[in-house]
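Listed here are the chains, written in short residue letters.
Protein chains: 2
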Amino acid sequence: MEEVLYDNYYMEARREALLALSKDEVPVGCVVVKDGEIIGRGHNMTETAADPSAHAEVIAIREAAKALGTWRLTGATLYVTLEPCLMCASLIKKSRIGKVVIGAIEPEEGAFGSVASISLLPPRGRQIEVVWLKDEFSGDLMTSYFKKLRSRR
Amino acid sequence: MEEVLYDNYYMEARREALLALSKDEVPVGCVVVKDGEIIGRGHNMTETAADPSAHAEVIAIREAAKALGTWRLTGATLYVTLEPCLMCASLIKKSRIGKVVIGAIEPEEGAFGSVASISLLPPRGRQIEVVWLKDEFSGDLMTSYFKKLRSRR
Numbered sequence: 001m002e003e004v005l006y007d008n009y010y011m012e013a014r015r016e017a018l019l020a021l022s023k024d025e026v027p028v029g030c031v032v033v034k035d036g037e038i039i040g041r042g043h044n045m046t047e048t049a050a051d052p053s054a055h056a057e058v059i060a061i062r063e064a065a066k067a068l069g070t071w072r073l074t075g076a077t078l079y080v081t082l083e084p085c086l087m088c089a090s091l092i093k094k095s096r097i098g099k100v101v102i103g104a105i106e107p108e109e110g111a112f113g114s115v116a117s118i119s120l121l122p123p124r125g126r127q128i129e130v131v132w133l134k135d136e137f138s139g140d141l142m143t144s145y146f147k148k149l150r151s152r153r
Numbered sequence: 001m002e003e004v005l006y007d008n009y010y011m012e013a014r015r016e017a018l019l020a021l022s023k024d025e026v027p028v029g030c031v032v033v034k035d036g037e038i039i040g041r042g043h044n045m046t047e048t049a050a051d052p053s054a055h056a057e058v059i060a061i062r063e064a065a066k067a068l069g070t071w072r073l074t075g076a077t078l079y080v081t082l083e084p085c086l087m088c089a090s091l092i093k094k095s096r097i098g099k100v101v102i103g104a105i106e107p108e109e110g111a112f113g114s115v116a117s118i119s120l121l122p123p124r125g126r127q128i129e130v131v132w133l134k135d136e137f138s139g140d141l142m143t144s145y146f147k148k149l150r151s152r153r
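If you read the protein sequences in the order shown, they are chains A and B.
Here full-length UniProt numbering is used: the first residue of the first sequence is 1, the next is one more, and so on.
Here full-length UniProt numbering is used: the first residue of the second sequence is 1, the next is one more, and so on.
Warning: the hint list may mix true and false statements.
Copies of the same chain are indistinguishable here, so a pair counts whether it falls within one copy or spans any two.
Said to hold, decoys possible - Straight-line Cα separation of at most 30 Å, DSBU-like style, residue types lysine-lysine; simulated pairs:
(1) Lys148 to Lys34
(2) Lys147 to Lys66
(3) Lys99 to Lys148
(4) Lys66 to Lys23
(5) Lys34 to Lys147
(6) Lys148 to Lys23
(7) Lys134 to Lys23
(8) Lys148 to Lys66
(9) Lys23 to Lys34
(10) Lys99 to Lys34
(11) Lys134 to Lys34
(12) Lys134 to Lys147
(13) Lys99 to Lys66
(14) Lys134 to Lys99
(15) Lys23 to Lys147
Simulated from the structure, these hints should not be mistaken for laboratory data.
Assemble the whole structure, with the sequences as input and the hints as a guide.
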C-alpha cells in the first residue's frame, strides 16, 4: 500500500465530514486556508439548512470570503474530502482559489476529472493546482452513508 | 421584429437586475415562482456581499428553499434575465426546479447552450423545460455595464 501523508488542514476537512455525518448529511467536509490559517470551514448542510447550495465547499468559501472582505480568494488553498461537483468546481474557479487538495473521487458528479474537467470551466485562462490524496477513509464514509440511506427506504 | 410577451414574473426579474445595476453589480436579476407566488428573488451581489457565490439565481433559490422549508423546489419556475453560468445551472438542476425562463444569452459562461448543455449536467435523468425570451433590454444592460467597467480601468 502506498504511503500517503495527510496534513493538519486535510484532517480538519475530515473532521468537518464527520460533523456532517453526525447530522445525517452527506459526509463531505472542507476547509479554506490562506497564509497558514484556516479562514473558512464547512460541511454538507443541504437537509439541515433546507438549502440546495449548502455544500461543504460553498459554506467554506463564503466564510473565507467574508473573513477576507472580498470574493477574491487568490492564494488560498481548498481542502475537501470528496471531489467537488460542477456547482462547487465552478465556484472554486470563480473565487480565484489557486490550489485544491481532494480526498476521494466522486465518479457520478465530480468535476475534477470524473464528469468534467476543471481546466475547461470558465474562466479558462486560470489554472488550478490539484492534489489527489486518494483518501480511502473519505470514500468509505460516502459508501457507508449511502448504504445506510438505501437500507432505510 | 418578432413580438415577445413578458409576464409579470419576468418583469420582476428585470427589476432585480436594475437593483444590481444601482449597486454597481453585474446587472442580473432572478425570481423563483411556485403556485403563482414569488417565493424567492435576488440580484447579483458578489461585490457588495463579498461572496463569490452571490449570483442572482443562488440568492433567489436559497430564499425560495427557505420559504418552503426544503431544498427540493419541485414544480417551481425560475425567471432570470441572463443565461445562468455553470455554478447556477448546476444548482438549478440540483434543486429540482422544473422550468427556467431566460432573458438574454451569455456567450462566455452560459450553461444553457452557450458553453455547456443543461441536459448533460447531473442528475442527467432530470429534464428541465427552458424558455428563451431573447430579451434585448437585459442583453443591452450587460453590454453597457461592462463597457462602463472597462472605461474606468
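Hint check results:
When the C-alpha separation of Lys148 and Lys34 is checked against a cutoff of 30 Å, the pair qualifies neither within a copy, at 36 Å, nor between copies, at 33 Å. Within a single copy, Lys147 and Lys66 get their C-alpha atoms only as close as 36 Å, which misses the 30 Å cut-off; across copies the closest is 28 Å, which meets it. In this assembly of identical chains, Lys99 and Lys148 lie within 30 Å of each other by CA distance neither inside one copy nor across copies; the values are 33 Å within and 32 Å between. Taking identical chains as interchangeable, the C-alpha atoms of Lys66 and Lys23 lie at most 30 Å apart whether they share a chain (25 Å) or sit on different chains (19 Å).
Within a single copy, Lys34 and Lys147 get their C-alpha atoms no closer than 36 Å, and across copies no closer than 33 Å, so neither meets the 30 Å cut-off. Only within a single protomer do Lys148 and Lys23 lie at most 30 Å apart by alpha-carbon distance; the minimum there is 14 Å, versus 47 Å between protomers. Taking the shortest Cα distances, Lys134 and Lys23 sit within 30 Å of each other inside one copy (25 Å), while across copies they are farther apart (44 Å). For the identical chains of this complex, Lys148 and Lys66 are inter-copy neighbours only, at 27 Å across copies versus 36 Å inside a copy, given an alpha-carbon limit of 30 Å.
In this assembly of identical chains, the alpha carbons of Lys23 and Lys34 lie at most 30 Å apart whether taken from the same copy (28 Å) or from different copies (29 Å). Taking the shortest alpha-carbon separations for Lys99 and Lys34, only the intra-copy value of 11 Å comes in at or below 30 Å, while the best inter-copy value is 40 Å. With identical chains, the CA atoms of Lys134 and Lys34 are at most 30 Å apart within one copy only, with a shortest distance of 23 Å there and 42 Å across copies. Taking CA atoms no more than 30 Å apart as the test, Lys134 paired with Lys147 passes inside one copy only; the shortest distance there is 21 Å, against 46 Å between copies.
Taking identical chains as interchangeable, the C-alpha atoms of Lys99 and Lys66 lie at most 30 Å apart only when both belong to the same chain, with a minimum of 19 Å there against 32 Å between chains. In this homomeric assembly, Lys134 and Lys99 come within 30 Å of each other (Cα to Cα) only inside a single copy, at 16 Å, whereas the closest approach across copies is 38 Å. Taking the shortest alpha-carbon separations for Lys23 and Lys147, only the intra-copy value of 16 Å comes in at or below 30 Å, while the best inter-copy value is 48 Å.
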